[in-house]
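Enquirer: What follows is the residue order along each chain.
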Amino acid sequence: MKKIFTIGFAALLMVSCNMDFYPSDAMTSSQLADNPSSAIYTTDGIYSLFKDYLAYKGESADYPNGRNQYLRHYYQLTELRSDNVSVSGTTSDPFVHPYDYQDVPTEENIYYTWWLAYKVIYGANSNIDAITPGASAESDHLLGENYFLRALGHFHLVTLFSMPYVYWKDHQDALGIPIHRGMDSYSGEVKRPSVGQVYDEIVLDLIEAQKYLGAEGVRTDRGYASLDAAKALLARVYLYMEKNQECLDICNDLMGHAPSAVTAGYDYAAFPTKTFDFDETIWCVRASQIDKFFTTHPKSAIGSMYYDDANIKRFDGDGGWGEHYWSEELIELFQRYPEDKRFAAYFVQPSPTGDGKVMVTFPVKTKSSNTYCSSGIVHGLTPAADGSVEFTYNGKTYKAEPTDVNGYTQYIVNDAGFVSNKDGASVQKKVYVRPDGSVRANGGNYPIYFNCKFNGQEGRTNLTSPAILRWGEVVLNRAEAKAKLGDAKGALDDVNIIRHRAGLTGDADFTEANYQARGYKDVLDVVLDERRMELCFEGHRYFDVFRNRKDMDRRYVGFHEFGTIKWTDPRIALLIPLDEINSSHIPQNRQ
Amino acid sequence: MNAIVGWEYGEGYSRGLGAAGNNFPAGQRSLSNTIMSKITGSDYHSRSWAVLGQAQYSYLGKYIATASIRYDESYKFGPYNRGGWFPGVSAAWIISKENFMQSLPAISFLKLRAGYGKTGNDNIPAFQYQDTFSLSAQYNGNSAAVLQRQANFYLGWEEAYMASLGIDATIANNWNITVDLYNTINSRILLEAPQPPSSGFFARFENVGKVQNMGVELAVDGAIFNTKDFGWTVGLNLGFNKNRVKELPNHDDMVMTKSEVSQILREGQDVYSWYMPKWAGVETYYDEDEEEYYGLPCWETAEEIKDANGKVIGYNKTGTVNKYNQATFQVVGSASPLFSGGLNTALRWKGFTLSMNGSYMVGNKIYNKTRETMDGDGAYTNLNQMSLNNGLGWVRWDKNKKSTWKTATHPEPVAGRSDGTNKASSRYLEDGSFFRLRNVTLSYDIPTQLTQKIKMGGARVYVSADNVLTLSRFSGMDPEVGMDADTYHHAGLYSSNYPVPMSVVLGIDVKF
Chain R
1 MKKIFTIGFA ALLMVSCNMD FYPSDAMTSS QLADNPSSAI YTTDGIYSLF
51 KDYLAYKGES ADYPNGRNQY LRHYYQLTEL RSDNVSVSGT TSDPFVHPYD
101 YQDVPTEENI YYTWWLAYKV IYGANSNIDA ITPGASAESD HLLGENYFLR
151 ALGHFHLVTL FSMPYVYWKD HQDALGIPIH RGMDSYSGEV KRPSVGQVYD
201 EIVLDLIEAQ KYLGAEGVRT DRGYASLDAA KALLARVYLY MEKNQECLDI
251 CNDLMGHAPS AVTAGYDYAA FPTKTFDFDE TIWCVRASQI DKFFTTHPKS
301 AIGSMYYDDA NIKRFDGDGG WGEHYWSEEL IELFQRYPED KRFAAYFVQP
351 SPTGDGKVMV TFPVKTKSSN TYCSSGIVHG LTPAADGSVE FTYNGKTYKA
401 EPTDVNGYTQ YIVNDAGFVS NKDGASVQKK VYVRPDGSVR ANGGNYPIYF
451 NCKFNGQEGR TNLTSPAILR WGEVVLNRAE AKAKLGDAKG ALDDVNIIRH
501 RAGLTGDADF TEANYQARGY KDVLDVVLDE RRMELCFEGH RYFDVFRNRK
551 DMDRRYVGFH EFGTIKWTDP RIALLIPLDE INSSHIPQNR Q
Chain A
1 MNAIVGWEYG EGYSRGLGAA GNNFPAGQRS LSNTIMSKIT GSDYHSRSWA
51 VLGQAQYSYL GKYIATASIR YDESYKFGPY NRGGWFPGVS AAWIISKENF
101 MQSLPAISFL KLRAGYGKTG NDNIPAFQYQ DTFSLSAQYN GNSAAVLQRQ
151 ANFYLGWEEA YMASLGIDAT IANNWNITVD LYNTINSRIL LEAPQPPSSG
201 FFARFENVGK VQNMGVELAV DGAIFNTKDF GWTVGLNLGF NKNRVKELPN
251 HDDMVMTKSE VSQILREGQD VYSWYMPKWA GVETYYDEDE EEYYGLPCWE
301 TAEEIKDANG KVIGYNKTGT VNKYNQATFQ VVGSASPLFS GGLNTALRWK
351 GFTLSMNGSY MVGNKIYNKT RETMDGDGAY TNLNQMSLNN GLGWVRWDKN
401 KKSTWKTATH PEPVAGRSDG TNKASSRYLE DGSFFRLRNV TLSYDIPTQL
451 TQKIKMGGAR VYVSADNVLT LSRFSGMDPE VGMDADTYHH AGLYSSNYPV
501 PMSVVLGIDV KF
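So the protein sequences, as listed, match chains R and A.
Position 465 of the first sequence, counting from 1, maps to 465 under the working numbering, and the rest follow consecutively.
Position 497 of the second sequence, counting from 1, maps to 497 under the working numbering, and the rest follow consecutively.
Since the hints were made in silico from the structure, they are not lab data.
Warning: the hint list may mix true and false statements.
[Said to hold, decoys possible] Derived pair list, reagent style EDC-like, types lysine to aspartate or glutamate, alpha-carbon separation capped at 20 Å: (1) A/K210 <-> A/D122; (2) R/K191 <-> A/D253; (3) R/K57 <-> A/D252; (4) R/K211 <-> R/D228; (5) A/K399 <-> R/D544; (6) R/K57 <-> A/D289; (7) R/K365 <-> A/D122; (8) R/K357 <-> R/E401; (9) R/K341 <-> R/E538; (10) R/K550 <-> R/D569; (11) R/K365 <-> A/E290; (12) R/K243 <-> R/E201; (13) A/K258 <-> R/D93; (14) A/K317 <-> A/E283; (15) R/K365 <-> A/D289; (16) A/K38 <-> R/D25; (17) R/K57 <-> A/E260; (18) A/K323 <-> R/D93; (19) A/K399 <-> A/E292; (20) R/K484 <-> R/D544; (21) R/K365 <-> R/D553; (22) A/K323 <-> R/D569; (23) R/K521 <-> R/D487; (24) R/K243 <-> R/D544; (25) R/K429 <-> A/D289; (26) R/K57 <-> A/E206; (27) R/K243 <-> R/E208; (28) R/K365 <-> A/E292; (29) A/K323 <-> R/E561; (30) R/K57 <-> A/D253; (31) A/K210 <-> A/D270; (32) R/K211 <-> R/D129; (33) R/K191 <-> A/E206; (34) R/K365 <-> A/E288; (35) R/K429 <-> A/E290; (36) A/K406 <-> A/D287; (37) R/K57 <-> A/D486.
[Claimed, not checked] Here's a subset of chain A near chain R, in silico, CB distances under 7 Å, partners left out: (38) Y75; (39) R82; (40) G83.
Just so you know, these numbers come straight off a predicted model, no measurement behind them.
All residues carry an ideal CB built from backbone N, CA and C; glycine is no exception.
Kindly generate the complete structure, drawing on both the sequences and the hints.
Expert: Laid out in structure tokens, this is it:
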């Protein structure tokens, strides 16, 4: 009996089966390696990461609101922490926390951005490992693109999750982010090198990228990285590192073959609808309305956060959240020269009353320790003949008087009762007088100023292919490098290139003779204000302020702490996701 | 003695094709008239096989022994670890059949059982051991390949070692008693082990760690009275279970975050340990600039207490902070109950029967996620807020009511606040203990003399009520949250769950 049992068992055990099955809707790395064109797929796969939803941990790709798109998080984590944006009250969307410098290391915008940038880096490493240099012009180009993408991933990470390079330069004790250059880097211990080391490696990758990107006629679409893209990014990196001469050299090289539109200008309003067709674009992330992120959650795109087309119907009438607005200070900067084409193209005030009436708004500090500031707002006012506006707030009547400040008009309330710690209406004497329009009331009052810089591609309200690198920045990078190298005239000439193409000429030009009278202490400040306007909402301002050792003045209406963020404030470096700290035990920021 | 030998073979095959489009023009029903959104297709093949043998031996009907063994292979595992051996032995002794028990007529049945065995688990999605690229994305009109995971060719069976000891007894003819003791160790657990996200991946399936579950289960039922006209039966069951994480890879903690709420796996601790800042109540703060008082939220900062091996065993409070993102994440309780069970009883008098059954759970902590939005002190101005007047002693800080400055459980409301009072913290962690009377039924059996007159076999009228009563200090709709976890929710998480309806049924059963 026992014997039969044993023999039977043993006999059956010898019947074995083939168990190697592969999914039909995916490919294994070895299957891909057998395919000579696989590097195209895997490189395009990296680009797709910037726009597509990916599932993180227990969360399905589009859970809960399809917000996990890299570009959306990136633009919010940068621009929302600058002085260009006013957020209109709270929401379940975690963008409010970085906006108020209260980022939480378990929130999706933090962990997703971190993880995805490293996924870009892993993909690039994997491709660089797989592509043999010199095999063909196409494969060399792909190799160069991957060096570029690896540099970009590290650059985004070090600028978001570490203190600025100049802070490290001055203090030497700022930690960078883990670097992965090469597949073998994944087996070692995870470490945070210094900020300086990270930048050095980024520079090496961008120099390496240029070696492979030169071929004519290969992957020329602006959706792919190019030789110009590698140079433009390197110019930006050098500028951040205060390597001004190196930055200048690259910019001069680039400007030597810049398309004519760079100086002649282009159709600003049409630009976001077709970035990839404009000469202004050096590299954009190409999105399409067939992309899943768009078919499933069009309202989660960055454009929807700035703009709501439901009533305006400039595009297809699709609704947007419309929760981020132009800051009053940015509007004021543009309104110094009302003929600015850029402002006309991107500024949208929904439902203005159009009857010549104005509204007065001013920041109101509503809580001390839960500091945020909302807006006092008075509608339906008619300016007096001298331009002053009388308004009544909380039962008291005040007068906003147009006042010349450095040749520009500001409105000031000269009434001690208007400003005081305890009972005053406002927290500053300055108020804003604007055409009357609608307001969003959400724990405060926020005048609605939409921005359509991320809308209108393929006729769709919430779709765009954001230009990450464009010529306007190159010109201004050169202007800034010149300013820092003491070439005041050259810097202002470059500023004027940008102004001319925006329709600002004649008296609007900046010259060495007039900038000080306009309230600028030095030429660099002129350049920075022009950068602020030209590149607004594109994720530059946040870095441009701090890397110039300047403080972020956020004393304007918005759902944020009313005050100024010092350029040495440790909160500038976002908290690293808790998932990273818990698994690799690298040190957290602000400890 | 009997024995079997067997061979099992399983093969699966599935094919899928799907298409989806948006923006149907009115009246159109063809997909070709839409904006194409998605096309999906798949073709999956699965296979598993096993050899098994089992032998059973029984002696005099009193002694029973069973031994079994099986060898399993599953296609879900890597080529190096596809097979697993799973033996088991068990024995039973029916003591009441022994001669010496005949002198104890009160014990009509007594059985002692013991078993030990190893089982396997392959309940994971397919292809997890392979490094695959998904090709469902597109970039610039071309297919784009995105790496989904790293390979783990050593992925294999999860194993459970289960030891059990039990007694079944019947005493005084109508009382049944069952006692079970068990100790189960799950090892090589199939877990999506966290990876540093800086690797580009946040997790991969690995065989990691050990978890122990040990406990006692007790069940008693029987009749207190059982006469012709009057009867009363009761039944009670009670289970104590204790689980512990025994071993983790590199002895590292694993923080599991779902829907921005975390649990932590840490050696020596409960598997369902909540990990979040500890709420420290409300602080009355005086702002000297504004000469104004504020009722601010507080969380603890703390230092970890470590044992000689460097393992975290607790926390020392070091202070409090008013900003959520400065608070210390710590273990603040567990979703596992101390014990749970049920009870039932039935009273019978002549044709009337009154029966009740209920269940209970004691000592678990529920995370009430709904309160993040509904009890957010003004974080959401567009959502209804929970009433604080719910008998749980909740008090809102009020500038004008000094009595609340000491007793407040809720900070001053601020419309559209963003300081994180409504982020996951022990503030929303609540005692999940409850007793629920699930059903009460009163019925009357119409005497057969009456029913026979109208040619009925029998008739019964009854009134029955479900979910009659719930005793709990939980603030949500239903404390019975359960321990099932899914993609979005941890075990023990309550998130806008539907309340259980109370229902009353009046009925007549008629037999012909």
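Enquirer: The structure should be examined with respect to each hint, and the outcome stated for every one.
Expert: Okay, the hints, checked on the actual structure:
no. : hint              : in the structure
1   : A/K210 <-> A/D122 : holds (16 Å)
2   : R/K191 <-> A/D253 : holds (19 Å)
3   : R/K57 <-> A/D252  : holds (18 Å)
4   : R/K211 <-> R/D228 : holds (12 Å)
5   : A/K399 <-> R/D544 : violated (42 Å)
6   : R/K57 <-> A/D289  : violated (46 Å)
7   : R/K365 <-> A/D122 : violated (59 Å)
8   : R/K357 <-> R/E401 : holds (16 Å)
9   : R/K341 <-> R/E538 : holds (17 Å)
10  : R/K550 <-> R/D569 : holds (11 Å)
11  : R/K365 <-> A/E290 : holds (11 Å)
12  : R/K243 <-> R/E201 : holds (15 Å)
13  : A/K258 <-> R/D93  : holds (16 Å)
14  : A/K317 <-> A/E283 : holds (16 Å)
15  : R/K365 <-> A/D289 : holds (12 Å)
16  : A/K38 <-> R/D25   : holds (14 Å)
17  : R/K57 <-> A/E260  : holds (11 Å)
18  : A/K323 <-> R/D93  : holds (18 Å)
19  : A/K399 <-> A/E292 : holds (9 Å)
20  : R/K484 <-> R/D544 : holds (14 Å)
21  : R/K365 <-> R/D553 : holds (15 Å)
22  : A/K323 <-> R/D569 : holds (16 Å)
23  : R/K521 <-> R/D487 : holds (15 Å)
24  : R/K243 <-> R/D544 : holds (15 Å)
25  : R/K429 <-> A/D289 : holds (18 Å)
26  : R/K57 <-> A/E206  : holds (15 Å)
27  : R/K243 <-> R/E208 : holds (18 Å)
28  : R/K365 <-> A/E292 : holds (13 Å)
29  : A/K323 <-> R/E561 : holds (13 Å)
30  : R/K57 <-> A/D253  : holds (16 Å)
31  : A/K210 <-> A/D270 : holds (12 Å)
32  : R/K211 <-> R/D129 : holds (16 Å)
33  : R/K191 <-> A/E206 : violated (24 Å)
34  : R/K365 <-> A/E288 : holds (15 Å)
35  : R/K429 <-> A/E290 : holds (18 Å)
36  : A/K406 <-> A/D287 : holds (18 Å)
37  : R/K57 <-> A/D486  : holds (12 Å)
38  : Y75               : holds (4 Å)
39  : R82               : holds (6 Å)
40  : G83               : violated (9 Å)
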